[in-house]
Amino acid sequence: MTNTVKKVPLDQTHEELGAKMVDFAGWRMPIQYEGIIQEHNVVRNQAGLFDVSHMGEIKVTGENAFKFLQKILTNDLSKLDDQQIQYTMMCYPDGGVVDDLLVYRFSADQYILVVNAANIEQDYDWIKEQEIAGVEIVNLSADIAEVALQGPKAEEILQKLTDFELTEIKFFHFEKQIEVAGVETEFVSRTGYTGEDGFEIYVAKQDIKTVWDAILKAGGEEVAPVGLGARDTLRFEANLPLYGHEIGKDKNPLEAGLGYFVALDKDGFIGQQALQEIEAEGYQRKLVGLEMIDRGIPREGYQLLKDGTVIGEITTGSYAPALEKNIGLGYVEADYAEVGMEITVQIRRRECKAKLVELPFYKRQG
Amino acid sequence: MEIKEGIFYTESHEWVKVEDNTAYIGITDFAQDALGEIVFVELPMEGEEFAQKEAIGVIESVKAVSDLYVPVGGEILESNEDLYDAPEELNNAPYESWMIAVDLADESQLDDLMSAEEYENFCKEEEE
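As they're listed, the protein sequences go chains G and Y. Note that the working numbering numbers the first sequence so that position 207 is 208, with each residue one more than the last. Note that the working numbering numbers the second sequence so that position 23 is 155, with each residue one more than the last.
What the hints contain is simulated information worked out from the structure, not anything from laboratory work. For every residue, glycine included, the Cβ atom is placed at its ideal position computed from N, Cα and C. Heads up, some of the hints might be wrong.
[As the list claims (entries may be wrong)] DSSO-like mimics (lysine-lysine), calculated; alpha carbons at most 30 Å apart, straight line:
hint: 1; chain 1: G; residue 1: 210; chain 2: G; residue 2: 60
hint: 2; chain 1: Y; residue 1: 256; chain 2: G; residue 2: 8
hint: 3; chain 1: G; residue 1: 7; chain 2: Y; residue 2: 136
hint: 4; chain 1: Y; residue 1: 256; chain 2: G; residue 2: 21
hint: 5; chain 1: Y; residue 1: 136; chain 2: G; residue 2: 21
[To be verified] Not everything, but these chain Y residues come out facing chain G in the computed CB check (under 8 Å):
hint: 6; residue: 169
hint: 7; residue: 195
hint: 8; residue: 197
hint: 9; residue: 233
The following block holds chain G by itself, in its conformation from the complex (with noise of 0.2 Å):
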């Protein structure tokens, strides 16, 4: 680790922006521009563009490389074909969730692995300490940048500027060196942490300005760069988890209810033992939505209740930007996780009443 604070390669074009600049896992990074309700909402009614050049982009290749995560994911691989990607986990042996991300399948033999910024090197050290013969380990987080375009015109944007034909891209895949804004990419995908439509393009870190300021100027009045404080409000809505809030060492995936992404009958991966047994035996504490009834909004850590009893805490919150309300995810002792349950959440000095809503907040039309 370091302490110094490192500059993504558009830091300059952020200041130039207006960005309010934060320092977030290692990077200065634009945390909003004209304001984190605005950039919210022109992502779920236009298009936002994302600098999250600040991800990591670990390459595993070789003759081994499927076997090898196969075993370091939760998710089954096996169900991945070329230029596909899945979310997937890897988790500890007693099923603490390592980090979560996206494992791009180049080939059978090669794969991308796009991890948290936070979790960089501990990512790259836990998959070195696994490693297996037959297999290549190389972080590219340093010469890769990375930019989101999401939303409802993100393809209608996108494809003002590249001769590919977009639609050919699905969702939860991608295409290798396309040219956008006359620049080879690394690869881009039909994927993202908004809720919306969208696609993230990876290319060389050289390359990233251009590309920026080529979407920027096709959008037009359609588009508008977003800060990661907005990035957080949209995840949320849509309930797409965070490590360290509603995932992290001492979280497993089960409870988190991610259980779609642990395929607990593959052939041994690293925390299957604990998982199954963890369904075996059923889970202590589980994820769930909650949504405010009297005035309050649930932060991070506020203690929630039942009958005057603390139940569970709150793990994100916030003031939802497009629903108007004020919402939160936390985890509660099992019995209590159920769909129009009331509880109260300890705000300061005051119980507020909730009560447990169906997740996703937010979906979108379509």
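Following the hints, complete the assembly by docking chain Y onto the known chain G.
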């Protein structure tokens, strides 16, 4: 950034406007800009009494929770409950959006506050 003449300011970025013996208190343009879009306020009850500089309320933006400190002590005459439904008015018009009215108990406490000019210099230093 707007700073209004003829009212008092604090280092925690509240403003105080005195009419007769009532102190109207709000947050400054600098404060609202630093907080970002304000989505929630919690204000004290009428009749509650507070000492100078006590935390008496809460202002929340999308991401942050901040305390509101009372620049002068006294009894709460009124809280501006219009802000409960329209907290964004603190962003739109910070000097028109008073939050609480306090019965000024000790006029000498106003001496602890800054003039517009002093506050302007204070903000410049804060920004560095």
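- Item | Violations among the numbered hints | Numbers 3, 9, in rising order.
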